[in-house]
Structure formats: structure tokens, C-alpha cells
Amino acid sequence: MNAQLKPTPLATNDPNKHALAGRPMSGADIVVQVLADEGVEVVFGYSGGAILPVYDAVFRFNHAHKVGEREPLPLIVPANEQGAGFMAQGYARASGKVGVAIVTSGPGATNTVTPVRDAMADSIPLVVICGQVPTAAIGSDGFQEAPISNIMAACTKHVFLVTDASKLEATLRSAFEIARTGRPGPVVVDIPKDVQNTQLVFDGASRLPLPGYRARLRAIEDARLDDAACKTFFDALAQARRPLIYAGGGVIAGEAAVALRAFADGFGIPVVTTLMGIGAADTTQVLSLHMLGMHGTAFANYATEDCDFLIATGSRFDDRVAGVPAKFAAGARFLAHLDVDPAEIDKVKRVDWHHLGNLSRALERLRAYGQTAGFDPLGKGSYRDWHAHIVDLKKTYAMNYARDAAQIQPYAVIEEINKHTQGRAVIATGVGQHQMWAAQYFDFREPRLWLTSGSMGTMGFGLPAAIGAAFARRDLVVIDIDGDASIRMNLGELETVTTYNLPVKIVVLNNYGDGMVRQWQKLFFKGRFSASDKSLHKKDFVTTILSMCRA
Amino acid sequence: MRRIISILLQNEAGALARIAGMFSARGYNIDSLSVAATHDAAVSRLTLVTFGDDAVIDQIIKQSRKLIEVLEIADLTSRDHIETELVIVKIEVGNESLNNFVAALRRHPRAQVIDISAGVRTIEFTGNGAEVGEFLDDLGRVGEVIELARSGTAAVERGAAILAQA
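Sequence lines, in order, name chains A and B. Using the numbering used here, the letters of the first sequence correspond one by one to residues 181 to 731. Using the numbering used here, the letters of the second sequence correspond one by one to residues 5 to 170.
No wet-lab data here; the hints were simulated from the structure. Heads up, some of the hints might be wrong.
Cut-off 25 Å, straight-line C-alpha distance, at most; resulting in silico cross-link-like pairs (DSS-like, lysine-lysine) [to be verified]:
#, chain 1, residue 1, chain 2, residue 2
1, A, K347, B, K70
2, A, K685, A, K719
3, B, K66, A, K529
4, A, K277, B, K70
5, B, K66, A, K527
6, B, K70, A, K527
Work the whole structure out from these sequences, hints included.
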């Protein structure tokens, strides 16, 4: 059926040469072969006219390479392409690998704009492949045509419109490279239908020349902290009595949690995390202060106010953390910033010291330098008062709620689930109050267990993200903690859960309305609950999901 | 403060739109923009004039550098540089103002009349931003400017320094 996709013996003795190099293939077959070569193990997407050749190639690939009942490239079909985008995100966030969605032109592609922008804002690696009308029809207002490269340019790390079929293979491979390297992000590849149908010769290794991008990437990857930089850092740190690490999503994206914990534990430096940084530190530890910021814990925010040395690590002084930059960590006499993105240095707040480079390696280097230099605040008891203060803050301002209330409190629900999951389940959320309660009351012992739309704040994120995560972490319990309003945004994906019989657990914290919006209306609009009250809604969520479970 | 930013860009579909889009999305103003392929057909050079303090310009350059097709980018303002702009201007010149017009041209030796029609003269002028401004002011006093086309500033560093090695 698909002879050209079957692995063949090596034509030469070159071990680096792809087994299929030199084989004739259609553009669509090349798309699928590159996905397979990039280690893609699941694809999310919805079909349509302009992407049919690729869908056919996926079908033939799965047929030709089926092992028992297992398809090598399962294609998971959502109710709406936005769901596909968030499933790919959930997969990417939980696994650290590139998530892939394949959609058709026009509405299929525009439905992915929200998850693509969401991935950009949270630095999540995605490759979204869109069908496009044939090259000759581009710009003619054809059926299901949309100017995707224009639309997506504003919300991606990069977008390619492949008009030269001979560059298709190199473009796809480069799309994965761009998505996963440096500060990760979404890459959209828009492929006209005629390009999918063009007969080409598979190369197996081609990549686009990206001289500017690769040179800048190499500079960051090769960057090392020299002795002078380490000395400056530790000379200042030696003066501090109340140091604090402010860890963000970059620690998760950069796989730097192990190094961060070793650094923090080695010197006894407490850690606050951002919403995106949850999981960077083990929240059950004494010196872990959980989330800071507008919806963070009081003790994390007081500790940030009280610290005299702040180490921002993969974090970016976002407005939900540093609402008034001048007042943020105002007591810190020294600000250090470690990141992979040069544009984040001094963007919001000027720092005294910074390092651009691989976070894990930088933290390891700092730890080793400090140890060699005899920096031993734990041994000397330099932070004894600070540690006592942290313990006191956590006790005095412990998270709490009306524990004797007659009605079930949402916090109680989360605390109860947490007793079972003990910080080792994957938790996805929608956006709003339930999201913040989940951030506050769940424990997270490892990175990549907390999946939330942080920067964009996209309601409807939770359910499809949990579906994607179920493919990434088949070994873990996956729970979508959702709100009654958030889940409604992608309610159709309930059926995706039942169709594929996925072990996703869904908990809806139903407060009959847009709780976060009401919270703000109460604070800033004298309690006028314009359009946020859903108490007249007649939906029964349990019956809803039962209706999706065919007997 | 007025800044001249030079960018070398891989000459690919949509690259210019992405630069312009990033500027508008992030709220940066573009005062003028000139763009064309260089002696290497795969590379375009953009010269962008914008206004901003050091922090804003620093962010503009860093955000531009994140665009995949950007090869090199530099703020030429702080370096010893040469800038020039082409302007084509049409003005109404009646018999009564002809002498004033000729006198104005003498004050600006780099101005060149490139078209003469009844009552209308089309003049070409090149110079840096300040010179173009002075020329247009002077010409405006002679007759009514009825059409104006400016190329936007182009700039290079003085001497042997080139952007590709920056």
C-alpha cells in the first residue's frame, strides 16, 4: 500500500544516512515520515479538504507499520480544532516533547489560533501543520482559505508557508528544531494542497539554513559562567542574610528542576515559584513557599518582600507577579537573573547580575563554585533567622478557609484529592478561581505535573490539555480540575475522552458562574455581576457526560 | 531620541511583514522604513528610523533579534555612520515664483529638477534627515508642495565596519 514508507536496507554504508534517503515520496508522505523521524508518538487533529493528502498518508503509514493493534502514529480527533491544539499542548507540557496538531485550511487553522498563541505565551513547543488551498489559488478568496501565515505570524515563534515543494522536508525538520530549541514555542507550517501532492525525493536529513537563529542559539547554549561572574554572584550573596529564589516556567521548560533543587538545598535558599514554575520546587518541603503573586500565598509574597537577595530563575517579572515593578522585592539589595531569553533581561526590572544560558548548567556551575569557594551558609548558620522567619510566615499565614462551613468548600475538595494524589498526579485546569485554588492547595513534587494556561489565561484549556497529557503520562493519574464556566468552553471534548476511552478524571467545581470575574466585580465594580452569574443555567454535568458514554 | 536601526534579514516570504507586525504588536513606532535586497540576493537590508529612550530601543533590538529570519541587527545611532534619504517632490511654480525657485535650487546644489511641466516642477534631492528637512522647508517657501515621496533613511557605518560582521 505504501511501499515507499517501508524501511529499506541502507543504500550505502553511511550510518548517518536515512534508510529511506533517495526514495520518491509525495509531499504528504514526507510530512508523515518527518513526524515519525522526530519521534512523534501521537497527533491531534481534525480533517478537511485541504489536508486530506496528509490524513491519507497518516492512514497508510499506520496501516503499513501497525504492531498488533498498536498504531505508530495514532491520530486523535477532537470536537474542535481548538481542542486539538490544547491536546497537543497538554502532551507537550506533560512530556517535554513537541506536541503536534494537524488541521485543515481556513476555519480548521483559525480555530488553532488560540492554543497557538497560548503556547507562545507559555513557551510550549508545538508544531501545527495546516492544510492550505493550492498555491495557485492563494489570495483568490478560495473556499476555506485564510491567510494563515499572516494571522499566525503575530502569535508564533515562527510560521512557514511552504510554496516551494522542494523545501517542504527541510521546513518540517526545521519547524521541530525551532519549536524545541532556545525558549520553546509554537511553529506553524502552512502547506498548500498541491505541495502535499507533489512527487518529491526524500532526503532524510535536510534542514533550512537558519544562520541568524542558529548562531544566536549557539551563543546561548555555549555560554558558560566564568569565575569572575561566579565570584561577583557569591561576593554579593555572602553579604545577604535573606536570599530567595524566584523560579519560573523556564525552570520547567529548561529541565532545570534537579539543578535548582540541588542549588537551593545545598545552600539553604528558600524558593517561591510563579504559576508556570509550579513543580520546580517540591511544595512539600519546608523551604518551599509555593506560588507568589496576585493569587499566590501570603507567605510567598511576604517572603519576597522581606528578602534581601533575589535570584530570578527562568522567570520574567510578569505583571501578575510584579504588578508595580519598583515595589517588587523592594528590600532586595541584589537582583540576579538567569534565563535563556536575552529579551527578558532588564525588560521589566533592572537587575544587578545576569546570566544567559542553559539554566541547569548555570545552577550546577554556581553550586560547584560556591562549594569550592567554601560558601557554607548552612554550616555557619547564616540563614538561621531567615529560616525561622520562613517557618513562622508559613504558620502565621497558612492557607485556610471556612472549614466548618455547611456547604462543600472547593478548597476542601482539592485538599481531599491531594491526600490521594500526594503531589504525584498530573493536574490540568481551566482558568479562573478553581485554577488558583488548585495552584494553592495541591502539592506538586515534580515538574510537568501542573498544566495550566498561565499567561494567556484561556478558559477551556483544562479538558483538552488533560486528554493530551493522558497520552504523555500513561503511568500517572490525570485529573482535570475545572470550573463550570471553563469546561463549557470545550465541553465537546468530553466525547473525545469517552471515544478514546481515556483514563482522564474530571472534577468540576461548580459555583454557578464566572467566579474570578465575580471576585473582581465585587472588588472593583460594587458587586454588579454583569454577565457573570450562571445560576440560571440548567446544565447537569453528570448527565452531560453520561450522554457521551454510549452503552 | 531618534534612532537608526539596521537589520539584515533572510529574504523570505513574510519576513518584512513579521518585522512590521512585531513593531505594531509591541507598540513601537516606525518613523521610516526602507528595505531592499542587498548584493547578496538572499539577504535584505532594512533601515528603520524610530524614536525611543535607551530601554525602549534595547527592547526593540532584543525582540527583533528573536525573529528567526533576522541575521544581524544594530543601532547605528551610537556608531559613526552615514545616512541618506531620497526625496522626490512636486511643487507648483508659476512665472511669478520662477526666480525664487531657481534661487532656492542654487542654495541646494544636490537638488535636481527631473521633470518640468506647465506650472509644476519635480525635484529630486538626497541628504540626511536634517538636510532633507531644511530643503523641504526652503522649497515650501517658494511654491506649494503638491506631492512628496520619500524613500526612508538608508544608513551604513562609516569606514570599513560592516553590519554582517557585527
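Here is what the structure says about each hint:
As the CA atoms of K347 of chain A and K70 of chain B are separated by approximately 23 Å, the hinted pair is consistent with the 25 Å bound. Restraint check for K685 of chain A and K719 of chain A: satisfied, since their Cα atoms lie roughly 19 Å apart, inside the 25 Å limit. For the proposed pair K66 of chain B and K529 of chain A, the alpha carbon gap of about 15 Å is at most 25 Å, so the pair holds. For the suggested pair K277 of chain A and K70 of chain B, the alpha carbons sit about 22 Å apart, so the restraint of at most 25 Å is met.
Proximity of K66 of chain B to K527 of chain A is assessed by CA-CA distance (about 10 Å); at most 25 Å being required, the pair is judged to hold. For the given pair, K70 of chain B sits about 14 Å from K527 of chain A by alpha-carbon distance, which is consistent with the 25 Å threshold.
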